[in-house]
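Residue strings, one per chain:
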Amino acid sequence: MAEIFECVNLSKSYGSRQALAALNFSIPRGRIVGLLGPNGSGKTTLLKLANGLLTPTQGQVLIDGHAPGIRSKRLVSYLPERSALPQDMNARQLLRYYGEFFPDFDEQRARQMLQNLGIEEKLGIKQMSKGTREKVQLILTMSRDASLYLLDEPIGGVDPATREYILRTIIGNYNPDAAVIISTHLIADVEQILDEVLFLRQGQLVLQADAEQIRETKGMSVDALFREEFKCLGN
Amino acid sequence: MFGKLMKYELRALAKAGIPVIIAIAAAVSFSTVLCFTTSGVESTAMQFLSALFTLLGFPLIGAGVVLLIVVIVVRFRRTMLGDEGYLTHTLPVSLTALLWSKLLSALIWLCVVAAAALAGVVLCAINTSMTFGVMSAKQYAATLRDTVQVLADWNTLYYTSLGVLVLLFVLLQFFTALSIGHSFPAKKMGYSVLFYFAIDGTLRVVSSLGLILPLDLWSSMGSDIVLRVALPLVTAAYSGVLYFLTWRMQSRHLNLA
Amino acid sequence: MSWQFQGNMPIYSQLVEYLRQRIASGYYAPGQRLPTVREIAVEAGVNPNTVQRAMAELEREGLVYSQRTAGRFVTEDPDRVKTESTLLARQQIDAFLRSMALLGYSRAQVLAIMQQEEEEHPNGGNL
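Protein chains in written order, with this note's numbering: chain A, 6 to 240; chain B, 13 to 269; chain C, 1359 to 1485.
Chain A on its own, in the form it takes in the complex (with noise of 0.2 Å):
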């Protein structure tokens, strides 16, 4: 069986200016990998690769051995960076939304979860506050079985227990089989989740390892290396 998530000599540039320079790794099923790096090192561009949402200037991005289209789409679950919910929907019509085009949506796990937190089915996406939008954005994200979970930055910009909420809400719904990737740049509020870590610098990949592992062998934690990696950048 193919890798669930494999970059293949992967580059894109914008112009002149290179965004990713000629990656080469792959992802297992059943891992919780964070792509970690500062701002601008190519994490958004990376997940966006993976979804189809830009093309590759030059190798190739494979899901489940496929490149991006139809198949890998049914396959992927993607939180993008920004709310992408439909402005002229509310809770209820996005529910059905969401399992009308994704057989693999479980609405009553979403509906579940959205009653948790106390969100009526009948409000508006235009009526709810950056924060709702964002929390019911996960859990649309989170109600899918799917094969491989895309996170771009879901605990950027939220309060501490927020960000409790959302890393919950991850390790409590996502398909066991199914690898997930979280792209941030908040080592130390993910790294206990993470089995693995990728380092991006400048569109390059400077490490792939085994979060455990790192602790283990060099007494530090994730966050600690990742500073120590990145000191000389300054960001």
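Not one of these hints is a red herring.
Here are the simulated DSSO-like pairs of lysine-lysine, each with C-alpha atoms no more than 30 Å apart in a straight line:
#	chain 1	residue 1	chain 2	residue 2
1	B	Lys16	A	Lys131
2	A	Lys140	B	Lys16
3	B	Lys16	A	Lys135
4	A	Lys127	B	Lys19
5	B	Lys200	A	Lys135
6	B	Lys16	A	Lys127
7	A	Lys131	B	Lys19
8	B	Lys27	B	Lys16
9	B	Lys19	A	Lys135
10	B	Lys27	B	Lys200
11	B	Lys27	A	Lys140
12	A	Lys223	A	Lys236
13	A	Lys131	B	Lys199
14	B	Lys27	A	Lys131
15	A	Lys127	B	Lys27
16	A	Lys140	B	Lys19
17	B	Lys27	A	Lys135
18	A	Lys135	B	Lys199
19	A	Lys131	B	Lys200
20	A	Lys140	A	Lys127
No lab work stands behind these hints: they were computed from the structure.
Model the placement of chains B and C on the given structure of chain A, informed by the hints.
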């Protein structure tokens, strides 16, 4: 999946289409009631008033179609090229299905609204002739029947089809310009406007050259052939090119902010 | 008891210690069915694979056992739990005595302080 996309597109456009149709129906009903009540009355002031209302109805009806086109174009930008594009483009459907669901649902709603607008114009015209005493209230039903009979022929069908084709072309010109403009990292709307006029200018130049250069050929064929065959063919060809450009920009050069 | 982890040590070994404490203290009673790996992962806010690994370690030590369909249970042997509890208590006391020794207190002095403490505040007083 295409059926589901169509369902959501038709439903979203209904939010603009239904109010437009209600507005047209209200304007026509108002004009009709006014004209009937004033038709026998010997009051110049009342007649003037009803004629004024009826005449004002014409631009209002046209505005309905324009409004709907604006709604369609804004929605296209928001769902395909704005933040909602992150969801739209990650649905397990093909880009072809996405684009055609947008185009078809837009055409269906535009046809419905245009038909309502056309009926409104015809009724208002009859109302006006009644107000100015060209015909009496008793002849209303007969006039209406005659009008329908005159309209119900192959020419109407031909011009309706041509109208649909032209609407498709108009929509595609907006969609193409937006798709090209939004492939730039910044100033997306500025580039979109620029490319709209660039496309417009290019097509005008191409059309003029196509008309002037083989002028002898055209004059040998006669104006009827040119209008009935060349016009739809050229419109279809331009639409095809614009569709390909839209598809190409969104499949290869999508660049969501 | 809330979960707090040191970032510079493997989460796995810290989890083993937490779960061992819970079993030794009777928080998870002998023979009781343990929460699922996923439930513990959500509660502790850690990776489920890490919880799985910690559970395997406890199984190896004989503190828990798994039944294929019913899940994981705390050992039904009260002596096994007792041994574990005694072991943990000894470790704590050893560590305490070591720190007291560093402060210059002999075992006899420590005992005297403890005696005095018990007389002044019986049963822990309002400590």
